[in-house]
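Chains A and B, in that order, are what the protein sequence lines are. Residues 1 to 307, numbered by our numbering, are exactly what the first sequence covers, in order. Residues 1 to 120, numbered by our numbering, are exactly what the second sequence covers, in order.
What the hints contain is simulated information worked out from the structure, not anything from laboratory work. Any given hint could turn out to be false.
[Stated by the list, open to error] Label pairs and their calculated CB-CB ranges:
#	chain 1	residue 1	chain 2	residue 2	range
1	B	K3	A	H244	23 to 29 angstroms
2	B	I30	A	D101	22 to 28 angstroms
3	A	G288	B	V44	17 to 23 angstroms
4	B	I30	A	T10	31 to 37 angstroms
5	B	I30	A	R208	47 to 53 angstroms
6	B	T72	A	D66	45 to 51 angstroms
[Unchecked claim] Simulated coverage check for chain B against chain A, where a stretch passes if three residues somewhere in it have a Cβ under 8 angstroms from a Cβ of chain A:
#	stretch
7	27-41
8	48-57
9	63-77
10	91-99
The model shown is predicted, which means the values in this text are computed figures rather than measured ones. Each residue gets a CB set at the ideal place from its N, CA and C atoms; glycine is no exception.
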Amino acid sequence: MQDSGYPVATLAEATHRADLVIYWACNPIHAHPRHMTRYPVFPRGFFRERGRKDRTLIVVDPRKTDTAKIADIHLQIEQHKDYELISALRAALNGLTIEADKVAGIPTEVIYQVVDTCKSAQYGALFFGMGITMTRGKHRNIDNAIRLVIDLNRYTKFILTPMRGHYNVNGFNQVASWITGYSYAIDFSRGYPVYNPGETSTINLLKRGEVDAMLNIAADAGAHFPQKAIEHIAKIPLICIEPHKTPTTELANIILPPALAGIECDGIAYRMDGVPIELKKIIEPPEGVLPDREIIERLIKKVKEYL
Amino acid sequence: MTKIIRNVVCPFCGCLCDDIEVIVKDNHVIGTRNACRIGHAKFVHFEGAIRFTEPLIREDKRDEFKKVDWDTAIEESARILVEAYKPLLYGWSSSETHAQFKGIELAELLGAVIDNTATV
Ligand code: SF4
């Protein structure tokens, strides 16, 4: 993402304009249940009066997911072959001949067909799930997908949006980018921000045992990380800012209970397309919990005293 | 007394649907409209989830947690982070943006690594 930037649009724009929608490595029916019904697939748009009928839906997924089942084209890609398929699409797009019969399990003629479909679309929208970064190639897959979208923009309008899981993943990436220049995995140990995924990213740091204390906030490291990373978490002091009991809090030395943003306190979150939205407070939090921001503020105050 | 709060934003997934109606009775969410299954579950306190309502602390990870007051919990947490050679501040994806902003300030102060769930 950092190497090439990326062309975005709001979800509303995609809904009004897109006549081609691609979901790559994501299964919105389960992970973002209202994505297709509120945004770019089913609703009528200003230029897409017939809704779903005016749009072609392509799903790229190794499994026959519920989303794949309703697609017009399902590219049942081989696991871990995202990079290869993106490269093949780019090759076909750039007029190169693909000599293999199949790439990533997809017959070459289908690849050419898909490229034609993309080129002849008036407005294409590519949504990719974070699944794409979990396969071989990691963040390079995204770089390649971005280049694909850039290539496609020579023929037609094409945009790209990551399907964010947690409601405010994007918020962190946005804030971190405008403060430090990098969107995640930022190492301040040299006094200035350093970013190098693989070196400064959480799982690698934990696996190599390079960090000696951890603060876990608003995510469940204990449930999602590889065994080796969790083993290291078990060895170092762990502070959790977490409202509920989770696999991560089981490993904690200190638990600081927060109020739930968007329910028990207000705040701001960035939607997956980068639109900041104000969260509401709808009920009072239980006595004795504090909003995340207040907990961090109090930590900052104390840390300044100790430094 | 039951009241309905309209145009609530769902704080669960990156769609941030902003058309949720939440039905509140005596400071409890008893129902939602328009939210999907997983969004609904975030609003209504789900069965079996154990909520922490006060800071807890333990020296050894095999011990039971002890309740402490906020001042002690914050002091102890700050001490751990300051004494660490290279602390890691991980998560942030389900917290709101002001907290994330402050988090980066904290990381800079500590010379820490800060990372969120986008990490690979
Ligand atoms: S209602 Fe469902 S789709 Fe909408 S933000 Fe909440 S979890 Fe996501």
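Hints, verified against the model:
no.: 1; hint: B:K3 - A:H244: 23 to 29 angstroms; result: holds (26 angstroms)
no.: 2; hint: B:I30 - A:D101: 22 to 28 angstroms; result: violated (59 angstroms)
no.: 3; hint: A:G288 - B:V44: 17 to 23 angstroms; result: holds (21 angstroms)
no.: 4; hint: B:I30 - A:T10: 31 to 37 angstroms; result: holds (33 angstroms)
no.: 5; hint: B:I30 - A:R208: 47 to 53 angstroms; result: holds (48 angstroms)
no.: 6; hint: B:T72 - A:D66: 45 to 51 angstroms; result: holds (49 angstroms)
no.: 7; hint: 27-41; result: holds (count 7)
no.: 8; hint: 48-57; result: holds (count 9)
no.: 9; hint: 63-77; result: holds (count 7)
no.: 10; hint: 91-99; result: holds (count 9)
In this structure, the one hint that does not hold is number 2.
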